[in-house]
Every structure is written in structure tokens, then in C-alpha cells.
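Q: Protein chains in written order, with our numbering: chain W, 1 to 371; chain F, 372 to 644.
Please keep in mind that the hints were generated in silico from the structure rather than gathered at the bench.
The beta carbon of each residue, even a glycine, is placed where N, CA and C say it ideally should be.
A hint or two may mislead.
[Claimed, not checked] Below, in silico cross-link-like pairs of lysine-lysine (DSSO-like), each with a Cα-Cα straight-line distance of 27 Å or less:
id	chain 1	residue 1	chain 2	residue 2
1	W	K9	W	K189
2	W	K113	F	K396
3	F	K526	F	K435
4	F	K441	W	K135
5	F	K562	F	K588
6	F	K435	W	K88
7	F	K531	W	K25
8	F	K441	W	K113
9	W	K113	F	K563
10	F	K553	W	K25
11	W	K199	W	K9
12	F	K397	W	K113
13	W	K9	F	K531
14	F	K441	W	K25
15	F	K397	F	K435
16	W	K189	W	K254
17	W	K368	W	K5
18	W	K88	F	K588
19	F	K430	W	K135
20	W	K113	F	K532
21	F	K553	F	K526
22	W	K5	F	K531
23	W	K88	F	K374
24	W	K135	F	K437
25	W	K5	F	K437
26	F	K437	F	K413
27	F	K430	F	K397
[Claimed, not checked] So the derived label-pair ranges between C-beta atoms look like this:
id	chain 1	residue 1	chain 2	residue 2	range
28	F	L556	W	K9	47 to 53 Å
29	F	N634	W	F358	57 to 63 Å
30	W	P241	F	R460	43 to 49 Å
Chain by chain, the residues:
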Amino acid sequence: MMTKKELAKLGMDALRDLQEERFAKNYTIRVTSGTTGGSPLLLMRRRYTETEGGAQFYYRGVERSVFFFGALSSRLSQSSTFLFRSPKGNHDILTVDESDLNPDLDILMRDFKPDSFSGIASFIARALAFIQDQKILNGIRALRLSAEALTDAQEKFFKEKLPHAVIEMGFGSAEVGNISADPCEFLGKNQYHPDPNIKFEVVNQEDGIGEIAVSFYLSPSVYIEQYLTGDLCRFVHEPCPCGNSATFEFLGRKDFDFIRFSGATLQKNEAERVMDEYSNYIDDFRIEVKEMRIDDRILPELNFQIIGTKKLFQMERPDEFLRKEISNNLFLTLKQTLGMLVEKGLFLPPKIEFVHSFPYSNKLVRIKKVQ
Amino acid sequence: MKKLVQFNALLEQIHNHPDADFYRKKWGVLYAHPFDSFEDLKYLSIIMAEDFLENPIEKRLYTKGKSLTKIILYGPRRFLIKRELNELRREQYGFLGERPAVLFKDNHEAIEKSFWCYERNALPLIAENANDSAALFSIERYNTDSLFCDFSMLKELFDKKPDADFSSIRHYNIIGDYFDSKLILKYIEPKKLNLILALSETGAFAFSCPDGLLSGKMIFHPDRNSVLEINGRLIITKLLFMPTPVIRYMVDIFVESQEYDCNCEEKVSFAIL
Ligand SMILES: [Zn+2]
Ligand SMILES: [Zn+2]
Numbered sequence: 001m002m003t004k005k006e007l008a009k010l011g012m013d014a015l016r017d018l019q020e021e022r023f024a025k026n027y028t029i030r031v032t033s034g035t036t037g038g039s040p041l042l043l044m045r046r047r048y049t050e051t052e053g054g055a056q057f058y059y060r061g062v063e064r065s066v067f068f069f070g071a072l073s074s075r076l077s078q079s080s081t082f083l084f085r086s087p088k089g090n091h092d093i094l095t096v097d098e099s100d101l102n103p104d105l106d107i108l109m110r111d112f113k114p115d116s117f118s119g120i121a122s123f124i125a126r127a128l129a130f131i132q133d134q135k136i137l138n139g140i141r142a143l144r145l146s147a148e149a150l151t152d153a154q155e156k157f158f159k160e161k162l163p164h165a166v167i168e169m170g171f172g173s174a175e176v177g178n179i180s181a182d183p184c185e186f187l188g189k190n191q192y193h194p195d196p197n198i199k200f201e202v203v204n205q206e207d208g209i210g211e212i213a214v215s216f217y218l219s220p221s222v223y224i225e226q227y228l229t230g231d232l233c234r235f236v237h238e239p240c241p242c243g244n245s246a247t248f249e250f251l252g253r254k255d256f257d258f259i260r261f262s263g264a265t266l267q268k269n270e271a272e273r274v275m276d277e278y279s280n281y282i283d284d285f286r287i288e289v290k291e292m293r294i295d296d297r298i299l300p301e302l303n304f305q306i307i308g309t310k311k312l313f314q315m316e317r318p319d320e321f322l323r324k325e326i327s328n329n330l331f332l333t334l335k336q337t338l339g340m341l342v343e344k345g346l347f348l349p350p351k352i353e354f355v356h357s358f359p360y361s362n363k364l365v366r367i368k369k370v371q
Numbered sequence: 372m373k374k375l376v377q378f379n380a381l382l383e384q385i386h387n388h389p390d391a392d393f394y395r396k397k398w399g400v401l402y403a404h405p406f407d408s409f410e411d412l413k414y415l416s417i418i419m420a421e422d423f424l425e426n427p428i429e430k431r432l433y434t435k436g437k438s439l440t441k442i443i444l445y446g447p448r449r450f451l452i453k454r455e456l457n458e459l460r461r462e463q464y465g466f467l468g469e470r471p472a473v474l475f476k477d478n479h480e481a482i483e484k485s486f487w488c489y490e491r492n493a494l495p496l497i498a499e500n501a502n503d504s505a506a507l508f509s510i511e512r513y514n515t516d517s518l519f520c521d522f523s524m525l526k527e528l529f530d531k532k533p534d535a536d537f538s539s540i541r542h543y544n545i546i547g548d549y550f551d552s553k554l555i556l557k558y559i560e561p562k563k564l565n566l567i568l569a570l571s572e573t574g575a576f577a578f579s580c581p582d583g584l585l586s587g588k589m590i591f592h593p594d595r596n597s598v599l600e601i602n603g604r605l606i607i608t609k610l611l612f613m614p615t616p617v618i619r620y621m622v623d624i625f626v627e628s629q630e631y632d633c634n635c636e637e638k639v640s641f642a643i644l
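Working from the sequences, and respecting the hints, build out all of it.
A: Following this line, the structure appears as C-alpha cells:
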């Protein structure tokens with residue numbers, strides 16, 4: 001297995017291929033900031049050409065695309081692939097960042113007349129709050145999402161807001177780039193065929209769930225072998241009607257969307273489902289998982305940070321109420337709720353903490369494991 | 372002379388354009404004859420940022436082609452400008468090495484300058500402007516030989532790490548409409564320095580005289596794509612389509628013509644007031 005550190009060492013090696021090829025547009029640079037753990041990383045790589053997989057996805061059927069990616073290097077890499085790979089002469093891009101999310105966005109979109117949005121689901125969802133003109137929203141024919149697993153709530157929201165948009169999902173990571181092939185119409189949500197240019201493996205499997213390891217050429221002379229992307233997935237065993245036999249379902253970021261600890265699993269999806277049931281009481285939440293060492297046993301503890309509604313604080317003991325309701329509803333294994341695990345003495349009782357806001361971050365991280 | 376030929380061609384296409392009427396409306400009966408000299412510019416009315424704000428972009432587009440659209444902040448309001456890739460290539464943003472890094476406070480500028488590098492066949496590193504240490508790391512790791520940045524980001528970079536080892540950088544191209552020359556010259560040798568006067572909506576229009584920098588003076592010359600009316604408040608005419616042509620665009624930069632004896636080909640010189 002190749003670690004991030006080893007990958008970082010190879011970061012500039014593609015330069016010699018570029019110097020030989022002498023065509024800069026075939027290359028991109030990815031920079032990861034290191035804010036979500038680890039040190040920053042610079043990785044130069046060759047883009048796929050038109051004839052290789054994963055490329056047509058960018059421009060097929062659309063001409064004017066808005067790109068919503070948090071990191072500048074992702075925004076540049078995605079939007080330049082769109083422009084450089086599109087065959088026709090009049091394709092146009094607009095890249096949007098945090099500072100562009102304001103009421104003017106509505107007017108500017110009316111001017112730009114986009115036919116597609118591309119980017120990170122949570123970012124696009126936030127941007128849509130500023131785009132009121134139904135004519136613009138109706139004009140979106142394709143919604144191209146990557147980097148995050150799409151939740152049911154997000155999917156419903158996008159379908160309502162953008163009634164004419166086909167939702168197409170791609171899967172990749174900041175350091176690797178594309179991992180999935182062009183989207184397949186037969187696949188369900190968060191399901192992908194692996195990019196044919198990449199050797200795709202699922203390693204460290206437990207109950208059918210494992211970590212994604214990819215092997216691929218960063219550039220013609222630089223081979224990356226079995227790099228762990230930090231994502232969890234499971235193989236889908238039914239063959240796809242399109243003829244592709246390999247399908248995987250992306251479950252989330254290891255330790256961010258999907259936390260395995262002490263024989264249990266906390267899934268962001270499951271947590272959101274429960275919090276949604278109590279949406280009259282809860283505006284937003286974060287969950288931290290801690291494994292506490294008590295005597296010689298390891299006891300996990302869940303710490304809930306809650307932004308409560310007025311209704312919640314009209315109750316006499318809002319913390320008691322939430323502790324009970326969440327414990328009884330949140331499943332941490334196939335059959336056991338948090339409450340059952342606490343009762344058996346396998347978990348510490350959950351902590352409930354009320355807050356007014358959460359610090360801003362580019363990626364929405366609702367659950368995480370802390371040391 | 373070459374500039375005049377270019378300008379007359381631009382004027383002719385603006386005059387004949389079937390859809391875009393931004394300038395026809397502004398100018399009324401267009402002074403359509405070819406200009407004999409840039410003295411004739413005075414017959415065309417001046418435009419200002421408000422004109423961009425008030426006209427949708429489709430009325431302002433005189434060419435089509437693969438392009439990127441930028442959001443321009445003007446006071447509290449915003450408008451769109453498009454840059455066509457083919458023409459963007461001709462911008463004079465400075466000296467490009469093999470490993471350029473781009474660092475701007477405004478993300479739209481950062482993206483545009485990165486595309487410019489690509490169009491000139493160099494692979495750009497776009498540095499994260501919201502994360503100083505990541506920016507520093509990537510600029511050093513890339514072994515950057517030419518930096519494209521605005522003054523405020525450059526200042527942040529040097530504030531963060533005054534002893535930053537940028538020995539690999541041979542060209543500092545500082546792009547924008549504000550420079551603190553004292554501060555810049557404190558950190559950067561004048562022979563590595565290139566100050567480019569530019570606005571988001573016009574692109575580059577002037578560059579610092581290298582002879583001037585060597586003697587510690589900020590003297591500017593119009594670049595090869597621009598005709599400047601230098602008499603108090605600056606008026607910019609670009610010879611590129613952009614694809615919204617910029618003709619007699621009055622900006623908030625005050626300038627004064629200078630007599631300056633230097634080795635540059637361009638003989639028009641001015642200083643910023
Ligand atoms: Zn399929
Ligand atoms: Zn000079």
C-alpha cells in the first residue's frame with residue numbers, strides 16, 4: 001500500500017513527462033491543503049485525452065457550465081478539462097466561490113444563462129439558496145456531482161429545485177482525480193463503474209465494506225501502486241445491464257462519513273436520518289466519536305453538538321429528551337441502537353451539548369472521530 | 372501605426388456586428404470612417420463601469436469562442452466579463468517561465484491568469500489564497516520560476532515568511548492597480564520585478580519600465596495591446612476583442628505623462644499619481 005507521504009514524494013515526477021511532451025494543457029496540478037488531516041500535497045498529473053475514459057463526462061450535452069468546487073486547484077482542473085476537452089467552439093465556464101454566494105448571484109446567473117452545474121453537492125445546495133429565478137433553474141439540464149456521497153435529502157432537494165436536470169455523479173479524489181468511469185444510467189445513487197484507466201481494488205474488507213485502493217499512471221512514466229484514497233465502499237455484485245461487470249458503491253470518507261469503532265459503525269446517513277425525524281427540535285448537529293480507555297476496557301462515547309430550535313428549548317429538560325430519543329433511534333450496528341449498546345455497558349451514555357453555530361469549513365463534516 | 376490598423380479593424384467589426392449594440396447605442400451615429408490617428412478617439416464617448424453594470428453581457432459580446440466568464444466586483448455591485456481563450460493568450464501579463472505559480476486574492480483573477488499560462492503552454496500552479504501555509508508550500512514545492520500575483524497576496528506571503536526561500540523565482544509579475552514600490556523593492560531585486568498595470572475588466576494595459584525600476588522609479592509604458600489617454604483620469608482602449616471590447620474606458624486611476632529617457636521601444640511614459 002502506498003501512503004500519502006510516498007505519493008507526495010512522487011508529486012513532481014510527472015514534470016519530466018511534460019518536458020518531453022511539451023503540451024501543458026494535457027497536465028494539471030492538484031494541491032490539497034492538508035486542512036482535513038495530514039500535510040499539504042502537490043501532485044502533477046496528466047489528464048486523460050479524449051479517447052480515454054472519464055473525459056466526455058465533462059462536456060457531453062452542455063455548453064455553459066458553472067463550477068462549484070471549494071479548492072481553487074479543483075476548480076481550475078475541472079473547468080479547464082471542460083474547456084480544453086470540449087470539441088465545439090463556444091463553450092463557456094464560470095467558476096464560483098464562497099464570496100460569490102450573495103443575492104447578486106441571481107442577476108449574474110440570468111446574464112450567464114448556464115445549462116449545467118458541476119461541483120460538490122453541499123456547495124451547490126448552498127448556492128441554490130441565492131438563485132431564485134425559476135427560468136435559470138429550469139434551464140439547468142445537467143447537474144454533475146463529485147467528491148461527496150449524495151444523501152436522500154440532497155437528491156430530493158435537487159430534483160425539486162432543478163426539475164429538468166439529469167443528475168450525473170462522478171467519483172474521484174483531490175489527489176487521484178477521476179476514479180469512476182463516465183456515469184452509467186443503470187446505476188443507483190452513489191454507485192459507479194471504476195475508470196478503465198485505473199486498477200481498482202477494495203482492501204481491508206470487513207462485512208463486505210472495505211477501503212478503496214487505486215493503481216494508475218500519474219503520467220506516462222510515473223506509476224502509483226495501491227494508493228489508499230481514504231474512501232470506503234462495497235462491491236455491488238449484480239451485473240449491470242450496460243455490460244460492465246465491476247460496480248462499487250461509495251459509502252463515504254473513512255473516519256468522516258463512516259466511522260468504524262469498537263465493533264460498531266456510525267454512518268453520516270443514518271445520523272442524518274435520525275436528526276431529520278426530530279427536525280422540529282434540531283436545526284443542525286455534529287457528532288464526535290471518542291474511544292475512552294477506562295481501566296483496561298475501551299468504551300466509546302458519542303458527543304452530540306446540537307443547534308436546537310425554539311421548540312426544543314421550551315421543554316423542561318431538552319438534553320434529557322434528546323438523549324433518550326436519539327439513543328432509541330440511532331442504529332450503530334444492523335440491529336442495535338445506541339441505547340441498547342449503552343444498556344449492555346458497551347458504550348458510555350451519549351453527551352448532549354448545545355451550541356449556537358459551527359465553524360465554517362469548505363466540506364461539510366458532520367461526524368468525526370476524535371482522539 | 373500597427374496599433375492604428377488593429378484599432379480600425381476592431382472599429383469596423385463593432386460597427387457591422389449584427390447583434391451586439393453596446394457601442395452603437397453608446398456612440399449614436401458611429402464615427403465609422405477609419406481613424407487617421409488616435410487623436411480621433413475624442414469623437415467616441417467615454418464608457419465607465421456603470422455601462423457594464425447596466426447592459427447584459429449578450430449586448431456586449433462581439434465575438435464568440437471558448438471562453439471563461441469572470442465576476443467583477445464594482446463597489447457593492449457585480450457584473451460579468453468574458454475572456455475568450457484565443458485572445459486571452461495575447462494579454463501581456465509578464466514574463467512566463469516553465470513553472471508559473473498564480474496567487475491572487477480574487478479567485479476569478481487567479482483562474483483567468485491560470486488559463487493564460489495554459490494558453491501560453493505553461494502548466495500553472497494555482498496557489499490557495501485562503502491558506503498561507505499551503506500557498507507557501509506549493510510555490511516552493513513546484514520550484515516556481517515565475518510568480519503571477521497581486522500586491523496584497525505578495526505582501527501576505529512575505530509577512531508570513533520574510534525569509535521565504537524563493538530563490539527559484541526569476542520573475543515576479545505583480546499585477547493590479549496598486550503597488551507599494553518601497554515595500555516591493557525591499558523584498559525583490561528590481562531586475563526580477565515586473566509591475567503590470569491591470570484591472571479585472573480590462574486585463575493588462577501597461578508595464579513598468581525596467582530602467583525606471585533599476586533607479587527606484589515607477590514609470591509605466593502602455594503595453595502593445597493598449598492605447599492610453601494619459602491626462603489626469605486614465606482612459607483605456609484595448610485593441611483586443613476581449614470579447615467585450617474596451618474602448619475609451621475611464622477608470623479610477625490618476626496618471627501624469629512623464630518625459631523619461633529609457634531603452635524601451637515604447638516612448639510613451641507615465642506615472643501614477
Ligand atoms: Zn452500467
Ligand atoms: Zn522604459
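Q: Does each hint fit the structure? Answer for all of them.
A: Now for the hints, and whether the structure bears them out:
1. Among the hinted pairs, K9 (chain W) with K189 (chain W) is inconsistent with the structure: their alpha-carbon atoms are about 35 Å apart, more than 27 Å.
2. Restraint check: the Cα-Cα separation between K113 (chain W) and K396 (chain F) comes to about 23 Å, which is no more than 27 Å; the hinted pair holds.
3. Taking the CA atoms of K526 (chain F) and K435 (chain F), the gap is near 38 Å; set against the 27 Å cutoff, the hint is violated.
4. With a C-alpha separation of about 22 Å, the suggested pair K441 (chain F) and K135 (chain W) falls inside the 27 Å cut-off, and the hint holds.
5. The suggested pairing of K562 (chain F) with K588 (chain F) holds, with an alpha-carbon distance near 13 Å, which does not exceed 27 Å.
6. For the hint pairing K435 (chain F) with K88 (chain W), the CA-to-CA distance comes to about 11 Å; that is within 27 Å, so the pair holds.
7. Distance hint between K531 (chain F) and K25 (chain W) is unfulfilled; the C-alpha atoms sit about 32 Å from each other, more than 27 Å.
8. With a CA separation close to 14 Å, the supplied pair K441 (chain F) and K113 (chain W) stays within the 27 Å bound.
9. Our distance criterion of 27 Å between C-alpha atoms is broken by K113 (chain W) and K563 (chain F), whose separation comes to about 43 Å.
10. Pair hint K553 (chain F) plus K25 (chain W) does not hold up; C-alpha atoms about 37 Å apart against a cutoff of 27 Å.
11. Proposed proximity of K199 (chain W) and K9 (chain W) is supported: the alpha carbons are some 21 Å apart, at most 27 Å.
12. Note on K397 (chain F) and K113 (chain W): the hinted pairing holds, with a Cα-Cα distance of about 25 Å set against a maximum of 27 Å.
13. Of the pairs offered as hints, the one joining K9 (chain W) and K531 (chain F) holds, with about 25 Å between alpha carbons and a cut-off of 27 Å not exceeded.
14. Of the supplied pair hints, the one linking K441 (chain F) and K25 (chain W) holds, its CA atoms being roughly 21 Å apart against a limit of 27 Å.
15. Straight-line distance between C-alpha atoms of K397 (chain F) and K435 (chain F) comes to about 21 Å, which keeps the hinted pair within the 27 Å bound.
16. Restraint check for K189 (chain W) and K254 (chain W): satisfied, since their Cα atoms lie roughly 19 Å apart, inside the 27 Å limit.
17. Our distance criterion of 27 Å between C-alpha atoms is met by K368 (chain W) and K5 (chain W), whose separation comes to about 22 Å.
18. For the hint pairing K88 (chain W) with K588 (chain F), the CA-to-CA distance comes to about 47 Å; that exceeds 27 Å, so the pair is violated.
19. About 20 Å separates the Cα atoms of K430 (chain F) and K135 (chain W), which keeps this hinted pair within 27 Å; it holds.
20. Taking the CA atoms of K113 (chain W) and K532 (chain F), the gap is about 43 Å. The hint is violated against a cut of 27 Å.
21. For the given pair, K553 (chain F) sits about 12 Å from K526 (chain F) by alpha-carbon distance, which is consistent with the 27 Å threshold.
22. With a C-alpha separation of about 25 Å, the suggested pair K5 (chain W) and K531 (chain F) falls inside the 27 Å cut-off, and the hint holds.
23. For the given pair, K88 (chain W) sits about 31 Å from K374 (chain F) by alpha-carbon distance, which is inconsistent with the 27 Å threshold.
24. Proposed proximity of K135 (chain W) and K437 (chain F) is supported: the alpha carbons are some 24 Å apart, at most 27 Å.
25. For the hint pairing K5 (chain W) with K437 (chain F), the CA-to-CA distance comes to about 38 Å; that exceeds 27 Å, so the pair is violated.
26. Taken as a hint, the K437 (chain F) and K413 (chain F) pair is broken in the structure, with Cα atoms around 33 Å apart against an allowance of 27 Å.
27. Of the supplied pair hints, the one linking K430 (chain F) and K397 (chain F) holds, its CA atoms being roughly 12 Å apart against a limit of 27 Å.
28. Taking 47 to 53 Å as the suggested C-beta distance range, the pair L556 (chain F) and K9 (chain W) does not conform, at roughly 37 Å.
29. Taking 57 to 63 Å as the suggested C-beta distance range, the pair N634 (chain F) and F358 (chain W) conforms, at roughly 59 Å.
30. Between P241 (chain W) and R460 (chain F) the Cβ separation comes to about 46 Å, which falls inside the hinted range of 43 to 49 Å.
Against the hints set out earlier in the document, violations occur for numbers 1, 3, 7, 9, 10, 18, 20, 23, 25, 26 and 28.
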